[in-house]
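Visitor: Here is how the chains run, residue by residue.
2 protein chains.
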Amino acid sequence: MANYIPSTKLVERVCAGDMRAVSRLISRAEAGVAEVRSALAEIYRATGRAHVVGITGVPGSGKSTLVGKVVQRLRADGRKIGIVAVDPSSPYSGGAILGDRVRMSEIGTDPGVFIRSMATHGAIGGMARAAMDAVDILDVAGYDTIIIETVGVGQDEVEIARASHTTIVVSAPGLGDEIQAIKAGMLEIADIHVVSKCDRSDAARTLTDLKSMLVLGALGSGDDWRVPVIGTSAISGEGLDELIDAITRHRRVAFETELGQRRRRSVAEFRLLKTAEALLAERFVKARSDRTAEYTEQLLARTGDPYALACALIDHSLKTEQGSTDDENT
Amino acid sequence: MANYIPSTKLVERVCAGDMRAVSRLISRAEAGVAEVRSALAEIYRATGRAHVVGITGVPGSGKSTLVGKVVQRLRADGRKIGIVAVDPSSPYSGGAILGDRVRMSEIGTDPGVFIRSMATHGAIGGMARAAMDAVDILDVAGYDTIIIETVGVGQDEVEIARASHTTIVVSAPGLGDEIQAIKAGMLEIADIHVVSKCDRSDAARTLTDLKSMLVLGALGSGDDWRVPVIGTSAISGEGLDELIDAITRHRRVAFETELGQRRRRSVAEFRLLKTAEALLAERFVKARSDRTAEYTEQLLARTGDPYALACALIDHSLKTEQGSTDDENT
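Each protein sequence line maps, in turn, to chains A and B. Going from the first sequence to my numbering is simple: count from 1 and add 57. Going from the second sequence to my numbering is simple: count from 1 and add 57.
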């Protein structure tokens with residue numbers, strides 16, 4: 058630990074845009090070490106400049122390709138871009154889905170782009186908490202646009218994509234029924250709809266379906282914003298200008314309108330509650346260990362039932378936790 | 058509420074196999090009403106006869122079709138079958154993916170089959186808790202085999218499929234890269250591997266890949282069990298006999314070996330902790346409301362940071378909770 062730089066010392070370097078410091082601080086935030094919290098508090102107070110864009114879509118919708126194209130366009134305008142890719146890996150292996158593999162070749166060598174994959178294994182709510190910490194760090198480090206990319210399959214992933222100023226939902230033609238049904242759950246959260254792979258012949262129908270759904274439900278639209286449906290093709294480049302324009306217009310909505318203010322409030326509430334849930338689960342995990350085995354045996358022997366034993370475990374844990382040193386509250 | 062039958066009264070009817078009582082009690086368990094807990098405690102103590110089979114696979118792997126075929130075969134042996142399908146719907150709309158729609162036509166009219174879809178919206182860990190309660194209720198109601206079906210995409214879904222005696226992971230040829238990467242996270246949890254759609258010409262390669270992966274890693278196999286890889290076709294019926302045989306053999310492993318005993322212990326521990334997490338989150342949600350708005354404004358104004366405010370919210374909530382009537386612990 059001789060070379061360990063205290064997290065509060067890293068803050069200064071992060072503010073100067075030092076990518077190694079950014080990377081280190083994100084790792085510590087992801088690991089959830091208590092030492093990093095005062096640094097993150099300092100970081101948080103300095104945030105507020107970056108435009109945070111959530112991009113989500115079902116597997117196979119081509120969202121990673123789209124992110125690559127969007128980033129190239131935004132870079133042409135000279136903006137520094139951060140990408141936080143949230144990976145729904147299993148708890149059993151640390152698979153990386155949105156991984157840097159493919160994209161590294163296109164945009165990964167550009168020093169104006171910072172890409173970070175975060176795996177979802179770990180504590181409940183921990184993924185949302187860590188992703189939002191990473192966004193803060195990138196904001197303070199001077200990244201103008203920060204993209205949070207998630208696979209829109211679980212509740213957590215969808216929620217994280219919504220914890221942004223601007224949410225883009227990517228659909229694609231020709232996916233299976235099961236995928237389409239997953240998609241249905243995400244449609245309402247979009248500020249901007251993209252139908253990718255518009256070079257395909259069956260894309261027109263996906264576009265029409267989506268537009269008529271929006272007319273019926275008027276989802277997400279209001280006086281300040283009308284949700285657009287944009288067809289894009291990574292091959293021909295079709296629709297990309299229109300998409301960049303929509304992102305830019307929604308950035309103004311996010312920062313300058315009552316609608317944007319309401320959105321920021323709901324993101325702040327989400328963040329407060331997700332962080333609290335994560336901390337609560339963490340405290341519980343720390344405190345519970347000594348009774349878990351005993352209660353598991355009782356459950357197995359059916360001398361107790363799940364609810365009664367779980368209540369007993371909670372009560373015991375919180376009692377223990379209150380008696381211990383209260384390092385969580387500093 | 059004149060017609061409200063107390064949950065403890067429903068237990069008797071559940072034990073007699075009354076499907077309406079089963080359905081009602083599952084609904085109450087899913088809603089998480091406190092009134093149902095003593096009934097569920099009684100139910101839990103009477104469980105232990107059913108063989109619980111978890112089936113998971115990525116979207117498009119054809120697992121729902123496979124479940125239909127497996128159920129038909131098991132029904133031919135006279136067994137009563139319960140299916141608990143866990144739906145990863147978004148919190149914003151109550152979409153049903155694994156829904157009963159398709160299957161109802163084939164097996165839904167058979168009185169020996171009980172199908173129940175559960176949506177994943179709701180409290181953290183609530184899905185696992187509710188799914189396991191539903192399994193208990195079906196066990197006590199006399200269902201011989203209970204299938205927990207999940208889309209293997211999020212950590213929660215994969216964990217739930219593992220909370221069983223026998224876990225089947227369904228793969229299929231010809232899915233996209235992103236889907237394949239999601240799949241990688243699930244391979245280690247299988248007691249039985251199925252490669253569906255084996256009538257396709259590219260299925261042989263998927264089978265070979267999977268087999269060589271298993272040889273390399275020896276995942277899941279031990280003295281008592283060797284993880285089989287079974288190719289099936291819903292069209293030709295190929296592999297279905299072999300799959301039913303594997304399920305039957307693994308049932309014996311689950312109930313009669315040391316390996317099975319270890320598995321039951323780890324499922325019991327998972328259940329204890331998931332139930333505790335769900336109850337803890339519930340308590341927190343109940344108690345927190347009066348400070349949330351205030352702390353959200355502080356977060357928005359950046360006069361406080363997420364961790365400090367979340368800690369304050371937790372402390373305030375738990376203090377309030379301890380002062381209130383303790384109806385959770387009965």
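Simulated from the structure, these hints should not be mistaken for laboratory data. It is possible that some hints are incorrect.
One copy or two, either will do: identical chains are not told apart, so a pair holds if it fits within one copy or between any two.
[To be verified] Lysine to aspartate or glutamate pairs mimicking DMTMM-like chemistry, simulated, CA-CA at most 25 Å apart:
| # | residue 1 | residue 2 |
| --- | --- | --- |
| 1 | K376 | D302 |
| 2 | K376 | E299 |
| 3 | K376 | E245 |
| 4 | K376 | E326 |
| 5 | K343 | E313 |
| 6 | K376 | E315 |
| 7 | K137 | E339 |
| 8 | K376 | D347 |
| 9 | K376 | E354 |
| 10 | K137 | D302 |
| 11 | K137 | E295 |
| 12 | K343 | D372 |
Visitor: Would you mind marking each hint as holding or not holding in the structure?
Guide: Comparing the hints with the structure gives:
no. : hint        : in the structure
1   : K376 / D302 : neither (55 Å within a copy, 50 Å between copies)
2   : K376 / E299 : neither (57 Å within a copy, 52 Å between copies)
3   : K376 / E245 : neither (42 Å within a copy, 37 Å between copies)
4   : K376 / E326 : between (28 Å within a copy, 21 Å between copies)
5   : K343 / E313 : neither (43 Å within a copy, 35 Å between copies)
6   : K376 / E315 : neither (44 Å within a copy, 36 Å between copies)
7   : K137 / E339 : neither (34 Å within a copy, 41 Å between copies)
8   : K376 / D347 : both (13 Å within a copy, 24 Å between copies)
9   : K376 / E354 : within (22 Å within a copy, 31 Å between copies)
10  : K137 / D302 : within (17 Å within a copy, 58 Å between copies)
11  : K137 / E295 : within (24 Å within a copy, 55 Å between copies)
12  : K343 / D372 : both (14 Å within a copy, 16 Å between copies)
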